[in-house]
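Enquirer: Let chain A serve as the given structure and place chain B with the ligands on it in line with the hints.
Residue numbers (the UniProt record's numbering), protein chains in the order written: chain A, 1 to 223; chain B, 1 to 400.
Rather than coming from a laboratory, the hints here were simulated on the basis of the structure.
A few of these clues could be false.
[Stated by the list, open to error] Straight-line C-alpha distance at most 25 Å; calculated PhoX-like pairs for lysine-lysine:
no.	chain 1	residue 1	chain 2	residue 2
1	A	Lys-119	B	Lys-12
2	A	Lys-84	B	Lys-390
3	B	Lys-12	B	Lys-390
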Amino acid sequence: MIQLQGITRIFHMGDQAIHALDHIDLTIDSGEYVSIMGPSGSGKSTLLNVIGLLDRPDSGHYLLDGRDVTALSETEQAQVRREKIGFVFQSFHLIPRLTAAENIEIPLILTGMPSIERKERIAETLQAFNLSDRAHHRPAELSGGQRQRVAIARATILRPTALLADEPTGNLDHRIGSEVATLLEALNQTGTTLIVVTHDRELALRARRRVAMHDGRIETDEQ
Amino acid sequence: MRLQDLLRFSLKTITSYPARSFLIILAMALGVAAVIILTALGDGARQYVVNEFSSIGTNLIIVLPGRSETAGSFPGAVMGQTSRDLTLDDAHWVGRLPQVRRYAPLNVGVAELSAAGKLREVTLMGTTADIFPIRHMKLSQGKFLSSADESSAQIVLGAKIAQEFFPDGNVLGQRVRLSDRRFLVTGVMAEQGESMGYNSDELVIIPIQHAQTLLNTNSLFRLLIEIRHHGEIDNAREAIRQTLIRRHDGEDDVTVIAHDAVLATFERILRALTLGVAGIAVISLAVAGILVMNVMLVSVSQRTAEIGLLKAIGTPAAVIRYIFLAEAVWLSLAGALAGFILGQAGSWALRLAYPLLPAWPPLWANFAGVGVAVLAGVLAGLLPAIRAAKLDPVDALGKR
Ligand SMILES: Nc1ncnc2c1ncn2[C@@H]1O[C@H](COP(=O)(O)OP(=O)(O)OP(=O)(O)O)[C@@H](O)[C@H]1O
Ligand SMILES: [Mg+2]
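One chain only, chain A, in its complex shape:
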């Protein structure tokens, strides 16, 4: 469960202070499917970064599964990210010199899992994401949809409790984007909390809960 209480994030540009997040209160239960919309610069990515422990709020409290994670050290936050959070980005962020299988393997390597166990796990995952025949291709040799599937496989291979997607379909055409959304929703069906930031109204409306942001504040929050 994600609980944000009075979260504020301020950026300073010269002597100007930008309230990217302005006293955000938001509670997201486990297994929810939330879309976040809002104009450019409204603070959607910043919100996702705070939830994903990539960014620290300037004030407020963040409870993740009942534990206050705002004050954790950097190393502890890294551990929480590794165990509970999966990120999916608009630009995929695959490592170009590694194959699809090797990209998916990185989180497993980080946990210190032995090689044999990893191989099994990767084979299963590739199968599940329909990527088996692309296992040894590098990102440059994959289509956009395939790349995002690899990225999602990497984000979920350790079965995180929350999957955070920042415009996951932004670089994909409509049909492929819709397929990716279906894939994310399927993961949500298995119990993973899914939070999707998007500019695509159609995609946003697929979510059971829709949050709209404006100027660092939550404007509407409808179930």
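Expert: Just chain B with the ligands now, with coordinates in the frame of chain A:
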């Protein structure tokens, strides 16, 4: 993250950028090879000199006419301009000192040798029979001045000269002409090759008096003295010097050098030289280290997005540091290994080109070359690794 996974992951990065990695490895390898080859050269020179000197023995004291300007330096270059000759009589007096086992006065010159219708220029050495034990020279046939008559016109031929003039091997008892004087061949030297700048195979030896007449001089070129005990070398040296000062009316106009002191000086100089060139080569390794650092810094900035991603999926800062450090370690290890092989090959080529020079790189140089390379690589990787680990993940992910 397991160590083997860390090493595999960073190795993969290195092989993914072959041109970049090759350049770094090359720079490292050249530095290491320079250290090894230059020290092999320096140490080879030292070994060569040491071997040459010790073939003559360490109980040796050498007297030469003239005063060397700076005590402690090698006075070979400071000959000539003597205020007083070093004479045969001087030599006899020195020979009476109790510390002296044997001595050999020495005159050296060049003359024409003719016999059996052949003619050639040879280096002649005028001396006494004691030169043989003092300089560890051996006769293969005959003898030299062992009879009572010290002034008989005897000659000993070097092995090569004997072979040239009398190829049938019938040498002893032959008459030869040196300049305009006749000599009787009484001995042939055993083959010995090069030693202290003379090739004794191409030398002829005659009694000292004949040499002085032939070369028209009263002054000895050198006086070689072998003392009884190595322990009293300083004492003997002083006694010899005092004897000669007394004989030269109180004038201190000769140079008396203990042979092993010269050797020690030479060794010291050559060791310092070796260390000096090794030091210069180590600087080239430091330069290679700076190159590694620059390339790694560029690599960090090129891979900012990747670092951001690694952070996003929960890689601790320490692991990111290790990943970049491991890359530096791989690069410098590869460079050190390539340099080690290159250095050994280079020293081998040196030994092949100059068989007289024992150009073996000393053990410490191998270790120093490889060790400094790895150290330089790791140090150079440190700053980029720290910089990578410090990147802010949100900023890093924003860069594409
Ligand atoms: N590192 C930063 N330094 C300064 N200002 C920043 C920084 N990151 C974000 N901001 C500002 O904070 C505000 C919110 O940014 P954010 O990226 O969260 O917007 P967004 O809703 O994701 O926009 P978009 O739809 O364009 O992605 C913007 O005004 C942005 O300029
Ligand atoms: Mg954004």
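Enquirer: So which of those numbered hints doesn't the model satisfy?
Expert: none
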